[in-house]
Amino acid sequence: MDPSIETMLAHAGTCWDEQTGAVSMPVYQTATFRHETLGKSTGYDYSRSGNPTRTVLEETMARIEGGAQGLAFSSGMAAIDCILRLFRPGDTIVASEDPYGGTFRLLDKVYREMGVEVVFVDTSDIRQVEQTLARRPKAILVESPTNPLLKVADLKAIAQAARENDVLFVVDNTFLTCWFQRPLALGADAVIYSATKYLSGHNDVLAGLLVTKSKELGERLYFYQNSVGAVPGPWDCWLVLRGLKTLPLRLDRQQQNARAVAEWLINQPQVARVLYPGLEMHPGHGLLKTQASGFGSIVSFEVKDPGIVPRILEAVKVFLFAESLGGVESLITFPAAQTHADMGPEVRSKLGINDSLLRLSVGIEAAGDLIADLTQALGR
Amino acid sequence: MHYATKILHTGKDRDPHTGASSIPVYHGSTFAQEDPLVFGQYDYARGGNPTRDALEHTVAVLEGGAQGFAFSSGMAAISSVFLLFKTGDHIVVSEDVYGGTYRVLSRLFHRWGLRYTFADISTAEKVRQVVEPDTVAIFAESPSNPTLKITDLAAIVEVAREKGLVTIIDNTFMSPLLQRPIELGFDIVVHSATKFLGGHSDIIAGVVATREESWGQRVKAIQNSVGAVLGPQDSWLLMRGIKTLSARMEIQQRGAIQIASWLSQHPQIEKVYYPGLDSHPGKAVHERQALGSGAVVSFELPTVEQTHAFMRAVTLPLLAVSLGGVESILSYPTTMSHASMSPEERLARGITDRLVRLSVGLEEPTDLIEDFEQALEKSYTL
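Chains A and B supply the protein sequences, listed in that same order. Residue numbers for the first sequence follow the working numbering, so the first one is 1 and each next one is one higher. Residue numbers for the second sequence follow the working numbering, so the first one is 1 and each next one is one higher.
Just so you know, these hints were derived from the structure itself, not from any lab. Backbone N, C-alpha and C define an ideal beta-carbon position, used for all residues, glycine too. One thing to keep in mind: the hints can contain errors.
[Unchecked claim] Derived coverage of chain A by chain B (criterion: at least 3 residues anywhere in the stretch with Cβ under 8 Å from a Cβ of chain B; other residues may be distant): (1) 27 to 35; (2) 58 to 64; (3) 309 to 320.
Can you build the whole structure from these sequences, using the hints too?
What follows is the structure, encoded as structure tokens:
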């Protein structure tokens, strides 16, 4: 039997180097590998194709997600791009209508131009997903909870519909991570990550990860990973591995803080609406409880008066006003101008990503300091 | 300013905040902002990172381009450039490109409806013959890998201007120290920076330089959207490598000339491919467009068995894929760099099973020659 996730994570890469017994995985900062003699490879030839530090990261993720193959990329976008290379002009892809702005841009600006039909739907509504099946999509790409509106999709139901219709089902699990949600166990074919976020957790590395349920899909995607070459360097792989070791600790603490902040926000007169799936009032709360073991640490909220947004962003001291999320430091983001700027105003307003919406990525600081910071920023 | 000086003093070669002689490795994935609407120079590291930025500036300066870009590998750089084109577009590609370029075109971009013709584009006439109405670009590699065939770059530019095509070149084998295609009129230069630019066989990286800002903006949009970017540590290592480019290249090239001459006089070597040799058919053209013959030498042995025995017997060069490092590397294109081509495709390009490719490093050339001598002796006593 496999050990628990905490143990697998804490031991990721330990003593891989049998020669020295080094507890920490060595950083193989090398481009190429000598062949002992002609026709005799160590299994490693060229680091684009495979590098031991990257392998340990890829294998660790595959094991934890319960998949056959893990693949690491230079960014989360590069991981999604790798999946999209599977298709061809004329293919239809269904995607969550409110994904990360970068995913939206890649689908809308790059792949649509290359002839892919992209259908954006509200994937938290299973009927909308099912209605698209008549268009015979090749894949369904779901974020759950979504960014930044935290809508929850019924992953098991989508998986079943996808399976029955022979559609590839891919879940972007960046917000909850394998610590709270394991999409492959719920029926997804592949899970993708911006590992820049919770997996590495320190706002200090860009990386993407992908795990496939089947070996066959893993091998097809490995071909694209190697051919296109959007691979992370060994140092970045090592940083992600190092981050993974503390994933459960960080996430539990971040979640606890997020709940405290969300509950506090509800009672603030300046706040119109709080979106946090851990709150019972959140429409996806009940569903999320059936498919995940936690609610994460992203809290979005709307203020009543959009005029105070600039003041909040300028006044925060503990929260950093910056893009990205998932790190030990708390961040505050203004989606309409930052992460979702490329969506354009029409799409944003249709989705509800308006000029009153702010997104918090709650870190591991003391909850009291976070609340005090928001108190002074919402202010006066 | 002399080029060797410019390599070190690019204008972004020291930290503006502290004066540190080495650009710091900025690990931050994100950058705190002061204003909700007007962002600072950096917001998210995929879009821009100060360490990568200094490297990208260096690349632009060295290639004489408007903009430079760093990618996670040479293939990521090339793939990102191919993403500039759309379904139905046609590209003329030098027939003996790197195996990885061949693979990504034939196995990936082909599926996406990008059309291509692999052709001998060594003269303007030959290029004109393969240009189609839908042709949008010409992709060249000179000297080519691994047979070091020379393409007349001015001729390519001439046809491209006639027909309004974009010109792209893989400049990996020469590095901008020895060949600057943008000065010759090329629009886009790509490199596997893993090779001579990095120079130490310790990173995987790719770079792109564009002659004009307009192409630069398009490359930047793809770089940011697709995200095949180079990490800060690797960006820093690449900048560190570039600092010694001129010293390394000069010594490696001197060694290559010495070894190529020795090989070409060796009775047991069938054929030597090196653009610095008088016998090389492209020598005159190469001398017009480049400042040196580089440090890659390919050669053929009489039989496959002897070729294998030779590679098994050498002791100094690493038997490995890749090239351009301080250590000499001996490769077997058949099973390594060009394994993704079918045997027929390889043969059509002169890549026989008797061909080996040598990337000459910083070792003393006489040590390498001595090693080859003993290896050749062993291979002939079979």
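Right, here's what the structure says about each hint:
1. Only residues whose C-beta sits within less than 8 Å of a C-beta in chain B count toward coverage, and the segment 27 to 35 of chain A has 7 of them, enough to reach three; the restraint holds.
2. With 0 residues bearing a CB less than 8 Å from a CB of chain B, the segment 58 to 64 of chain A misses the requirement of three and the coverage assertion fails.
3. Using a Cβ-Cβ cut-off of 8 Å, 5 residues of the segment 309 to 320 of chain A lie near chain B, which meets the minimum of three, so the contact claim holds.
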